[in-house]
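Asker: Chain residues, written in single-letter form:
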Amino acid sequence: MVSLFKESMIVAVVREITTVAGAALPVYESFSVRRCRYMPEGGADKRVCLASGIHGDELLGQLVLCETAQRIMAQPENLLGIVDIYPMLNPLGLDIGERMVPVGTRLDMNRSFPGSPDGTPLERICHQLIEDMRGADLALDIHGGTQQRHALCEARVTARDPEPLIAIARTLNPDLIWVYPDRIAYEASLSGALCRVGTPSLLIQSDERGDVRASASRITNGLFSCLKAMGLWAGEADAPAASIPCIRSEEDVTRITCQRPGMYVPQDCIGRQIRAGQLLGRVIDALEGGVVEEITAPCAGLVFTQRSYTPVYPGTMIARIYARRNEA
Amino acid sequence: MKKDILFTVPSYFRGDMNIMSYRFGKGEKSCAVLGALRGDEVQQLYVCSRLVAYLREVERDGGIMPGKSVLVIPTAAGFSMNAGSRLWAPENMDVNRRFPGSPDGSTTSRIADALYDRLRLYRCGVQLTSFYQPGSFIPHVRMMDTGRQNPELACEFGLPYVYVRHPRSADKATLNYNWQLAGTQAYSLYAGKTQEIDEAAAEQTLRAIIRFLNGRGIIRSDTTPGHASSVITDSDLTTVSASSAGLLRRVKFAGAHVRRGEQLSFILNPCDGSVRETLKTPVTGMLFYVQDGPFIAEGSPVFQVLGSAKG
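Residue numbers (the working numbering), protein chains in the order written: chain L, 1 to 328; chain P, 329 to 639.
Misleading hints may appear alongside valid ones.
Now the in silico label distances, taken between C-beta atoms and shown as ranges [stated by the list, open to error]:
id, chain 1, residue 1, chain 2, residue 2, range
1, L, L279, P, G412, 55 to 61 Å
2, P, R577, L, P102, 49 to 55 Å
3, L, A300, P, D332, 37 to 43 Å
4, L, V291, P, I525, 41 to 47 Å
5, P, G545, L, A300, 56 to 62 Å
6, P, G545, L, L279, 56 to 62 Å
7, L, D211, P, D332, 48 to 54 Å
8, L, Y309, P, R384, 42 to 48 Å
9, L, M263, P, R577, 48 to 54 Å
10, P, F459, L, S30, 22 to 28 Å
11, P, K330, L, D285, 32 to 38 Å
12, L, S30, P, D562, 26 to 32 Å
Some chain P residues close to chain L (C-beta under 8 Å, calculated; not the full set) [claimed, not checked]:
id, residue
13, Y340
14, F341
15, A417
16, P418
17, N420
18, R425
19, R438
20, Q461
21, A573
22, L575
23, Q591
24, A625
Selected chain P positions facing chain L (in silico; Cβ < 10 Å) [to be verified]:
id, residue
25, M421
26, V492
27, R496
28, A498
29, A501
30, D564
31, T567
32, I624
33, P629
No lab work stands behind these hints: they were computed from the structure.
These numbers were taken from a predicted model, which means no experiment stands behind them.
Where a beta carbon is used, it is the ideal one built from N, C-alpha and C, also for glycine.
With the rest of the complex left out, here is chain P (with noise of 0.2 Å):
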């Protein structure tokens, strides 16, 4: 394992941030691996520190191909999350907003800068993301149509789903769209949590970084078989959506079959306790997403649905 200094952001009243990379293996720049761009961002710290150490023994025990090697960077964001902060305080800027990023732009420009300059290089890349919105998913591999995208590489990860999304326009400044452009085969893993951690989804997200390091023939490692992968797309997902606002109770979770007319959630008169809405399903399928913040605004996304109309 070689430990590097990626990047480095003096600060005035503070220390220095450094942005650490781990390297194990040598030659082909096989896969890379980032953590955290975003302060709030613990699981996805998480399951790369424990990546760490397991392709630590990896090489110990000769596990990393001849002529490979694979790039970990647990966090791009140290100085957020000691300050408590999702974005980057000084700028109130999100770095994952400022891909490809600039040498002489902004300080959140240089970060991104830095990162992209070192990431692009690598014929595959896994970052592990959070969603804009509390919830939880089940697992699976995500990238945006830029038409290079490669779902059938996805499926390597094991993991039972493989979305292809379509970008809006503020997706087009992120990492995992930019590192498409630079000919990186670029995926973005759901970790499950954002701002705790999940022993479960991190094991789980770790085993499908490991299963598609070894099915590359990046590592050579123990692996569990994983799950067939489905490639589904934005058509495949119904979105249900509440249309008042209060409090969630949920009674439907991440992963459950659900048929259509079921009961998914209510939301509640936060004061009194009265029921404004029952949210159910319109169509027969498994529930993808489920917000699990305790409020909802009115127009919320609470549930995504994978399944069809039929049944």
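Bound-form chain L, shown alone (with noise of 0.2 Å):
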């Protein structure tokens, strides 16, 4: 544990490393998931849980989280309660690039959820980072992007009563918010599983496209401006945007796959308002040296998911666009 003390000694902050799940492993290593923990001396009622790294292929948390940290420990008189940080959930899929956790049958650790005591060692830790988190009064999933698909900064929220995390994800000032059908797969995901023992949580991805210091920094803002709104940072932050388009029914999203074989080379359309048939991309075919499919919006929208120059298969997502089926 260590105090980090700021001017005359009067306001300090503790910081205090602990492994709170883990296994060891044969050769003379542990699987071991670390939390930082922010607390003010004297404690605080109020606790917020930070995680990133579930996925190994996804980096974009380590710069987010790191850039909390250092705000924090710039400003300890501001903290007003608990920030817990986990930067590794999975710290053998992070240190090789791998998406899954690289151990057995390599299984994704955000479909284990909520684990098991007594399970194999992953539902263990599974268990283990639920038990650690639970209680607390958010939990914030941060992932990235991926080499297959950019994307912009989201926060998605569970379809199970979601007005009360809408709120909390306007706070973070994402350019998007999408209320996320509540699919099988969800319930064995961090977010879905903290969400079943009451524990308030939504995950935020964006991905390191072009700067990824911008890209973190945007993530980083949002984080502060959550904390303030939720009375745990009392330091200055940004204000959420006025107007943050919300996902609330999957007829609003518009899924584009693609229908032959290929490399796709996109347009740089994410991001953007597009018109019916503007072109997303094409599909090319080197060895005979073509175009083997175009592939256009099917309505105006906003494109807030987009495949990037990667090989393709039939059914392979191009984007998504979100476009208001039914005005309020």
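Build the complex from these two chains, which are given one at a time in their own frames, with help from the hints.
Answerer: What follows is the structure, given as structure tokens:
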């Protein structure tokens, strides 16, 4: 435990690093999930958990959480509640850039919650994480972009009782809020499992397209806006945008897939309002030297997910477009 | 026998991946058998290939009962098998976590949809599955407790045990779970191994399927008598987990009868060979599952013992 004192020894923040979940591995190593807690000296009632790295190929959360820690340490007098930071939920996957947990048969950690106290090592770790985060006022699961697709800064909340989470999501100042369908797979995610035990949780994701520092700072700024709105931060924070698009119905999401295999060459449409019929990208064939498919937007709207330059199969998702079907 | 292409996934870099189906007999869709859904399910593919060969002879000899039909799909993971990947590599997805699938969804979702669309029409379904941990099981039939399961019918496989398991969250996107919800009597058979061919276990699994098809009046074929099956649930199994990590040295194997307190395995320091832990059984019974990987992480389930705390 380390105490960080600020000016005349009056204001202090206690910083404590703890291993909250883990399992010994066969050859002198541990799968350890570590948490760094920042707490005003004397304690606090409110607690927010910030997690990242559940998918080993998503690295943006490392920079986001490092910036968050630095800002807290620079202004400890402004911290009014407990901030628990879990940067590396899947340390083995992060080490080799592997999305899954690279032990045994490679399972997706974000499909393994709520875990079990007497299950496999991964199930035990997931259970320990849920127990550690349970009871927090908020848990945020920070995801990054992947090589396969670009996304806006997006907050996802579960469709089960979404309104309180939408209110929190707005304070994060994302480009978009998506009330995500409460599908079966969602139950097995970290956010879904926490919501099921009564701990408010949502997922925020962005990608490091272009300037990674700008992408990270965007999320970090949103985190401090959220902390301030929740009464955990007394320092300055950005005001959320007056209007943030919120997808409340699946009818408002158009998923565009390709029908032919090939290499997909995207037009840069991410974050843009496009019109119906506008070109999204082309599927090309280098062997025969031609374009095998031109993919156009079936409707006007905001492109909030876009496939990057990758091989595609029939059914590969090219883009998601948000367009309200029924104006309120 | 009628051989069809059930679904095709065209590829840019490679040839088409065709999911092949083999149908025997005509009429009622009586039973469907699915082999590999993942790229490492070699044993499952092998059992299905043996089943296709066997049913071809049965059909030639007039042994498919009038008005009945059997569908066999040996693999839906040919691309992954050829590339040496357990999952569908382009999406890093497990097809057996995509059911019921969607015709307009991602590639894996389309594969799941194409399979489900055909398989749900059958009265009975058999999936040859693998376990997500390396290990050996006592031969058994497995099904999830969906409220629609029929364990009595599963006894017709003639395997020693019928295991009704409580589903977890992630299980609800599997074929077995959704197949049952669609009204098919769906069963999972563990064919012993996964990444290698085990002839004895393959033979036993093949005989169980043939016995089931005979018992349901779908085929007429010589079969050896099976076991009188016992129906078990999660509460009948006691898990013995490692509290330390290292190399696993087993002294007891699947099927062994053990008495409470008996040594089952040692966890060894991987560098100096000293014993870090001795695993003992807390109950008297039979070893239902034994982990057979060389490495053990802390907390790994190593054994499941079927038996009571008495004795």
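Asker: For each hint, tell me whether it holds in the structure or not.
Answerer: Going through the hints against the structure:
| no. | hint | result |
| --- | --- | --- |
| 1 | L:L279 <-> P:G412: 55 to 61 Å | violated, 37 Å |
| 2 | P:R577 <-> L:P102: 49 to 55 Å | violated, 24 Å |
| 3 | L:A300 <-> P:D332: 37 to 43 Å | holds, 42 Å |
| 4 | L:V291 <-> P:I525: 41 to 47 Å | holds, 45 Å |
| 5 | P:G545 <-> L:A300: 56 to 62 Å | holds, 59 Å |
| 6 | P:G545 <-> L:L279: 56 to 62 Å | holds, 59 Å |
| 7 | L:D211 <-> P:D332: 48 to 54 Å | holds, 52 Å |
| 8 | L:Y309 <-> P:R384: 42 to 48 Å | holds, 47 Å |
| 9 | L:M263 <-> P:R577: 48 to 54 Å | holds, 50 Å |
| 10 | P:F459 <-> L:S30: 22 to 28 Å | holds, 25 Å |
| 11 | P:K330 <-> L:D285: 32 to 38 Å | holds, 34 Å |
| 12 | L:S30 <-> P:D562: 26 to 32 Å | holds, 29 Å |
| 13 | Y340 | holds, 4 Å |
| 14 | F341 | holds, 7 Å |
| 15 | A417 | violated, 10 Å |
| 16 | P418 | holds, 6 Å |
| 17 | N420 | holds, 6 Å |
| 18 | R425 | holds, 7 Å |
| 19 | R438 | holds, 5 Å |
| 20 | Q461 | holds, 6 Å |
| 21 | A573 | holds, 4 Å |
| 22 | L575 | holds, 7 Å |
| 23 | Q591 | violated, 20 Å |
| 24 | A625 | holds, 5 Å |
| 25 | M421 | holds, 9 Å |
| 26 | V492 | violated, 18 Å |
| 27 | R496 | holds, 8 Å |
| 28 | A498 | holds, 5 Å |
| 29 | A501 | holds, 5 Å |
| 30 | D564 | violated, 16 Å |
| 31 | T567 | holds, 6 Å |
| 32 | I624 | holds, 6 Å |
| 33 | P629 | holds, 6 Å |
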